[in-house]
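J.: Model the full assembly from the supplied sequences, consistent with the hints where possible.
There are 2 protein chains.
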Amino acid sequence: MEKISKNKIKFLRSLRLKKNRDKECVFLVEGEKMVLEALQLSRQIVREVYLEKGQSIPEIENFEAVFELTSLEASQISGFKTPNKCLALLEYPAVKITNKDFTLVLDQIQDPGNLGTIIRLADWFGVDDIVCSTGTADCFNPKVIQASMGSILRTKISYLDLENYLESDERPVFGALLNGENVYQTKLPKSAILIMGNEGNGISPEIEKLVEQKILIPKIGHAESLNVATAAGILLSEFFRG
Amino acid sequence: MEKISKNKIKFLRSLRLKKNRDKECVFLVEGEKMVLEALQLSRQIVREVYLEKGQSIPEIENFEAVFELTSLEASQISGFKTPNKCLALLEYPAVKITNKDFTLVLDQIQDPGNLGTIIRLADWFGVDDIVCSTGTADCFNPKVIQASMGSILRTKISYLDLENYLESDERPVFGALLNGENVYQTKLPKSAILIMGNEGNGISPEIEKLVEQKILIPKIGHAESLNVATAAGILLSEFFRG
Numbered sequence: 035m036e037k038i039s040k041n042k043i044k045f046l047r048s049l050r051l052k053k054n055r056d057k058e059c060v061f062l063v064e065g066e067k068m069v070l071e072a073l074q075l076s077r078q079i080v081r082e083v084y085l086e087k088g089q090s091i092p093e094i095e096n097f098e099a100v101f102e103l104t105s106l107e108a109s110q111i112s113g114f115k116t117p118n119k120c121l122a123l124l125e126y127p128a129v130k131i132t133n134k135d136f137t138l139v140l141d142q143i144q145d146p147g148n149l150g151t152i153i154r155l156a157d158w159f160g161v162d163d164i165v166c167s168t169g170t171a172d173c174f175n176p177k178v179i180q181a182s183m184g185s186i187l188r189t190k191i192s193y194l195d196l197e198n199y200l201e202s203d204e205r206p207v208f209g210a211l212l213n214g215e216n217v218y219q220t221k222l223p224k225s226a227i228l229i230m231g232n233e234g235n236g237i238s239p240e241i242e243k244l245v246e247q248k249i250l251i252p253k254i255g256h257a258e259s260l261n262v263a264t265a266a267g268i269l270l271s272e273f274f275r276g
Numbered sequence: 035m036e037k038i039s040k041n042k043i044k045f046l047r048s049l050r051l052k053k054n055r056d057k058e059c060v061f062l063v064e065g066e067k068m069v070l071e072a073l074q075l076s077r078q079i080v081r082e083v084y085l086e087k088g089q090s091i092p093e094i095e096n097f098e099a100v101f102e103l104t105s106l107e108a109s110q111i112s113g114f115k116t117p118n119k120c121l122a123l124l125e126y127p128a129v130k131i132t133n134k135d136f137t138l139v140l141d142q143i144q145d146p147g148n149l150g151t152i153i154r155l156a157d158w159f160g161v162d163d164i165v166c167s168t169g170t171a172d173c174f175n176p177k178v179i180q181a182s183m184g185s186i187l188r189t190k191i192s193y194l195d196l197e198n199y200l201e202s203d204e205r206p207v208f209g210a211l212l213n214g215e216n217v218y219q220t221k222l223p224k225s226a227i228l229i230m231g232n233e234g235n236g237i238s239p240e241i242e243k244l245v246e247q248k249i250l251i252p253k254i255g256h257a258e259s260l261n262v263a264t265a266a267g268i269l270l271s272e273f274f275r276g
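Just so you know, the protein sequences line up as chains A and B, in that order. To convert a position in the first sequence, counted from 1, into the numbering used here, add 34. To convert a position in the second sequence, counted from 1, into the numbering used here, add 34.
No wet-lab data here; the hints were simulated from the structure. One should not assume that every hint holds.
Note that the list lumps identical chains together, so a pair holds whenever it fits in one copy or between two copies.
[Unchecked claim] Dumping the calculated DSSO-like pairs for lysine-lysine here, alpha-carbon to alpha-carbon at most 30 angstroms:
# : residue 1 : residue 2
1 : K119      : K177
2 : K224      : K248
3 : K130      : K177
4 : K37       : K243
5 : K224      : K57
6 : K221      : K177
7 : K221      : K119
8 : K253      : K130
9 : K130      : K224
T.: So this is what it looks like as structure tokens:
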């Protein structure tokens with residue numbers, strides 16, 4: 035295995051910032067499990083793999099571009115306090131949204147942990163298409179990737195102008211809004227768009243205008259609101275509970 | 035307003051650790067909203083309030099024990115990067131669980147963010163009683179309090195030996211388990227106990243033995259698992275959807 039160069043470490047470390055990821059359309063994933071999965075997925079191009087000295091993972095060692103690094107070097111690259119012993123450089127996947135069945139739309143979700151958790155939820159419920167407003171957190175942010183627990187590799191995430199997107203789609207548009215009707219009493223079709231809004235402000239006014247059915251999880255107790263990822267989980271469950 | 039002393043700052047800072055909170059049975063809450071709510075709740079004893087110089091909040095200034103502090107001093111006390119301008123020292127509430135209707139049981143939840151989110155969810159669905167295994171994260175951890183968004187003040191949380199607790203209760207015991215039956219096809223009574231397990235390992239074997247009905251959120255897609263807080267949200271929603 036070739037040793038990793040100082041320049042490469044510097045480059046990989048620079049990928050913590052979106053502008054640097056966007057320049058080359060690449061991002062970093064961490065951990066043996068996610069690296070192995072990326073190597074198996076046909077839609078995911080793995081450019082390089084980095085493996086800590088002393089680790090033995092046959093599927094990874096046999097890959098054409100593996101570099102060896104020390105644990106210090108791993109910690110210089112990793113976005114986390116406990117760096118992984120195995121990392122990989124992936125290309126942005128080519129995303130083609132199908133615009134059929136169910137699409138989850140995210141309007142200005144800011145917290146990377148929330149975004150990652152929502153991606154994981156979508157993947158659990160078999161929702162392939164996630165469409166984000168351009169102001170939503172970047173899905174290749176290391177914290178999003180971590181919170182998604184690998185689901186980032188299995189879902190199709192695109193960043194679009196939501197107004198254009200919603201206006202050109204014919205499926206019914208549902209939105210989670212505090213002035214919505216009780217979701218438990220709403221008929222929810224299998225083919226639909228569901229919009230979840232920003233953590234503090236909810237769905238933005240210009241997008242709310244395009245919501246055809248406002249839905250709400252009725253409050254029984256006293257909490258002022260629900261976390262957007264837990265709300266997304268409950269609403270997805272309602273759409274898919276069959 | 036009396037100025038805060040160096041010793042008090044040191045003491046308040048020490049409350050980041052559970053052992054120091056437990057010594058005096060006190061904890062710190064941050065932010066005007068939560069401090070105001072604590073002052074209004076009859077069950078919550080507020081020992082002292084700390085207000086940044088230049089802040090004017092009549093309800094707080096009129097409290098009998100308010101101390102003034104600088105923004106530097108606030109940052110020395112606060113558990114967060116962006117310290118709050120208003121904090122309060124609260125006594126542990128006297129918790130008396132009712133053991134009727136619905137109780138949420140947490141078995142070894144480790145992540146403070148997950149615990150806080152679950153407390154907020156319970157509060158949303160009107161679940162007053164939360165019973166935690168003694169190995170669950172401490173509910174007065176600053177990160178739990180923050181993630182609970184004030185719901186920590188409105189729910190009754192106790193730490194008990196779960197085996198004893200479950201054995202002495204007559205309500206049906208439900209548990210979220212991967213070998214459970216489809217929750218959407220399970221009859222869920224209003225009076226019940228629901229157990230959610232540890233993030234990585236689920237419900238521990240000795241507690242699983244006491245579960246009478248294992249339930250599962252069926253997977254449609256590919257994610258390996260769900261985050262415990264989002265799973266708790268979906269299951270609580272199923273119990274309370276009416």
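J.: None of the hints should be skipped; say for each whether it holds.
T.: Status of each hint after checking the structure:
1. K119 x K177: both (17 angstroms within a copy, 28 angstroms between copies)
2. K224 x K248: both (16 angstroms within a copy, 27 angstroms between copies)
3. K130 x K177: within (24 angstroms within a copy, 39 angstroms between copies)
4. K37 x K243: neither (55 angstroms within a copy, 51 angstroms between copies)
5. K224 x K57: This pair counts as neither: shortest intra-copy Cα distance 38 angstroms, inter-copy 55 angstroms.
6. K221 x K177: neither (35 angstroms within a copy, 38 angstroms between copies)
7. K221 x K119: neither (48 angstroms within a copy, 46 angstroms between copies)
8. K253 x K130: For K253 and K130, the Cα distance is within 30 angstroms only across copies (24 angstroms; inside one copy 37 angstroms).
9. K130 x K224: within (20 angstroms within a copy, 44 angstroms between copies)
Hint check: violations occur at hints 4, 5, 6, 7; the rest are consistent with the structure.
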